[in-house]
Amino acid sequence: MSELLFEICQQEMRFGKEAAIAFLISLVWIQQIAGDEGQNASVTSKWTCSCLANQSFVVPENCSSSCDCTLDKSSKNRWICICAADELPRVAAANSYSSCFTACDCHYGTQLEKQSPKKSISSKVILVMLLLCATVITLGFVASMLCYVYRKDKYSIQRALFSSDKETSYNSTTNLILSQGTSIAEHGRYTGSSNCVTGCVPKACIMFKRKSGVFYGTIIQFSYADLESATNKFSDSNLIGVGGSSHVYRGYLRNGRTIAIKRIKTQAGQDTDSAFLTEIELISRLHHCHVVPLLGYCSEHHGKHAERLLIFEFMANGNLRDCLDGASGRHLDWSTRVAVAFGAARGLEYLHEAAAPRILHRDVKSTNVLLDENYRAKITDLGMAKHLQNDGIPSGSSSPARMQGTFGYFAPEYAIVGRASLKSDVFSFGVVLLELITGRKPIHKSANKAEESLVIWATPRLLDSRRVVSELPDPNLKGEFEEEEMQVMAYLAKECLLLDPDSRPTMSEVVQILSTIAPETSKRKHFSRDEFKVSETLR
0 MSELLFEICQ QEMRFGKEAA IAFLISLVWI QQIAGDEGQN ASVTSKWTCS
50 CLANQSFVVP ENCSSSCDCT LDKSSKNRWI CICAADELPR VAAANSYSSC
100 FTACDCHYGT QLEKQSPKKS ISSKVILVML LLCATVITLG FVASMLCYVY
150 RKDKYSIQRA LFSSDKETSY NSTTNLILSQ GTSIAEHGRY TGSSNCVTGC
200 VPKACIMFKR KSGVFYGTII QFSYADLESA TNKFSDSNLI GVGGSSHVYR
250 GYLRNGRTIA IKRIKTQAGQ DTDSAFLTEI ELISRLHHCH VVPLLGYCSE
300 HHGKHAERLL IFEFMANGNL RDCLDGASGR HLDWSTRVAV AFGAARGLEY
350 LHEAAAPRIL HRDVKSTNVL LDENYRAKIT DLGMAKHLQN DGIPSGSSSP
400 ARMQGTFGYF APEYAIVGRA SLKSDVFSFG VVLLELITGR KPIHKSANKA
450 EESLVIWATP RLLDSRRVVS ELPDPNLKGE FEEEEMQVMA YLAKECLLLD
500 PDSRPTMSEV VQILSTIAPE TSKRKHFSRD EFKVSETLR
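Residue numbers for the sequence shown follow numbering that gives the first Met the number 0, so the first one is 0 and each next one is one higher.
Everything labelled a hint here was simulated from the structure, so no lab data went into it.
Do not take every clue at face value.
Below are the DSSO-like pairs computed for lysine-lysine, each with C-alpha atoms no more than 27 Å apart in a straight line [what the hints assert, rightly or not]:
hint, residue 1, residue 2
1, Lys-477, Lys-493
2, Lys-303, Lys-232
3, Lys-448, Lys-477
4, Lys-477, Lys-440
5, Lys-45, Lys-72
6, Lys-264, Lys-232
7, Lys-45, Lys-75
8, Lys-123, Lys-75
9, Lys-444, Lys-477
10, Lys-444, Lys-493
11, Lys-72, Lys-123
Derived Cβ-Cβ restraints for the label pairs, each shown as a range [said to hold, decoys possible]:
hint, residue 1, residue 2, range
12, Gly-242, Pro-518, 37 to 45 Å
13, Trp-456, Ala-326, 36 to 44 Å
14, Val-124, Ala-91, 22 to 30 Å
15, Leu-129, Leu-51, 27 to 35 Å
16, Lys-477, Gly-417, 36 to 44 Å
17, Met-144, Gly-242, 42 to 50 Å
18, Ala-274, Gly-302, 16 to 24 Å
19, Met-144, Ala-414, 49 to 57 Å
20, Asp-67, Cys-146, 53 to 61 Å
21, Val-416, Thr-335, 34 to 42 Å
22, Ile-24, Ala-84, 45 to 53 Å
23, Ser-445, Ala-414, 18 to 26 Å
24, Asp-324, Glu-479, 13 to 21 Å
25, Gly-325, Ser-445, 15 to 23 Å
Note that CB positions come from ideal geometry on N, CA and C, so glycine has one too.
Build the full structure now, drawing on both the sequences and the hints.
The structure is reproduced here in structure tokens:
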């Protein structure tokens, strides 16, 4: 049990003790009152007399010598006397003036209960007080239990995920050093299943449960010390990527396996924690061969400093943008580019259509398309992604002031009013298609060294089929491409870049078109261009 829950339990125990003590005090007090009432009742076993005063007796101070007598305020001639059982007021005899009273009317026992000035508490009042005490104690206990449940649910995320290095409840070295023949799934705690897509997702999808929600997938919690060791203390030699909010490092496990570690830049406030949780929850439920899988995470506090890290499967060939730039010393051939476009489209289709809930990426770009050792494309970086509600609207509001994404990939409606949708992802994918065709960056410098948008530069060329094959293709292709396939890719890019969001194709339609030219799905290499008329192909 975490320290927070332990502290809450202690508070509940203290409350229980205080309630018990209060209840005992109430019982003692009520018993005392009942005793006082009994004592008052014992006084009733005496004489109560109503006496007429002796007007001839001039020493009224001596009237109480034998009994406790007081002058009745309602009558100047009458005295009320309370006498012991063996005493009675002295009454003057005939022609005697030595007594205070001339006559007395006395009653034994019952008369006192009617005229005693002290008030007694009835048994009904005592019962009501007991019930009131019991009710207050019960309400206090119920309120404390509700408070316990509320606090447990509220803080379990931070205690489960954002634990300090001293609170780590696992042997991270055991998790980190996996044996060669052991799968990662064997090291988790998993039950259940998630939606699968035929051909890509394993038949037995699994999910990892936590106290405040569900993490789907084979998620491992690593220690910061082991990740620091795996990256040689996050040395620059292992730095493989730099983003606006994170750095990505290459890490080596002791069994020789290579992993990618995304180290999120620490920022003040709760937004960082929220974004970190969002990314874990989004990625952990995804299982598709064209989405980079999340292997684990690390979240530790070192004093006031927090470390947030995500561990992914390592992609040997880096990101698409670097490959197009020839960073590895070789450029992508045309068939590989078509396969990359098809794979990336399938990954986005999965996010848009098959993920539960559906996911809007919001930052589709060439650097977020990674390539494994076989140049299979995989979508990554869901730090800006949003769940889609049933009506297709992203969870949370958007505005131009809080717009997220990368310049050069923004859809017009997103750039103007800040409204993101699935079709804004489609627009961004159209820019990626242009990069695959031309090899250019989304924002590039023209001959006069002015920055120019790839979309603006390519749009007039996309409208002319002759310019598509003469001016658009990447010079690094050296003319080695299928002309028909180039026309299909250019046409698809043009459709994705339409200004009207509703006129753009869905990612499912994009996948359907690309499947006709993708090497792994189509054996036919030559076909008629007439098959790809705008209205006939997409509708």
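Here is how each hint holds up against the structure:
no. : hint                          : result
1   : Lys-477 - Lys-493             : holds, 23 Å
2   : Lys-303 - Lys-232             : holds, 20 Å
3   : Lys-448 - Lys-477             : holds, 25 Å
4   : Lys-477 - Lys-440             : holds, 18 Å
5   : Lys-45 - Lys-72               : holds, 22 Å
6   : Lys-264 - Lys-232             : holds, 16 Å
7   : Lys-45 - Lys-75               : holds, 24 Å
8   : Lys-123 - Lys-75              : violated, 39 Å
9   : Lys-444 - Lys-477             : holds, 22 Å
10  : Lys-444 - Lys-493             : holds, 22 Å
11  : Lys-72 - Lys-123              : violated, 33 Å
12  : Gly-242 - Pro-518: 37 to 45 Å : violated, 31 Å
13  : Trp-456 - Ala-326: 36 to 44 Å : violated, 23 Å
14  : Val-124 - Ala-91: 22 to 30 Å  : violated, 45 Å
15  : Leu-129 - Leu-51: 27 to 35 Å  : violated, 47 Å
16  : Lys-477 - Gly-417: 36 to 44 Å : holds, 42 Å
17  : Met-144 - Gly-242: 42 to 50 Å : holds, 45 Å
18  : Ala-274 - Gly-302: 16 to 24 Å : holds, 21 Å
19  : Met-144 - Ala-414: 49 to 57 Å : holds, 51 Å
20  : Asp-67 - Cys-146: 53 to 61 Å  : holds, 58 Å
21  : Val-416 - Thr-335: 34 to 42 Å : holds, 37 Å
22  : Ile-24 - Ala-84: 45 to 53 Å   : violated, 37 Å
23  : Ser-445 - Ala-414: 18 to 26 Å : holds, 21 Å
24  : Asp-324 - Glu-479: 13 to 21 Å : holds, 18 Å
25  : Gly-325 - Ser-445: 15 to 23 Å : holds, 21 Å
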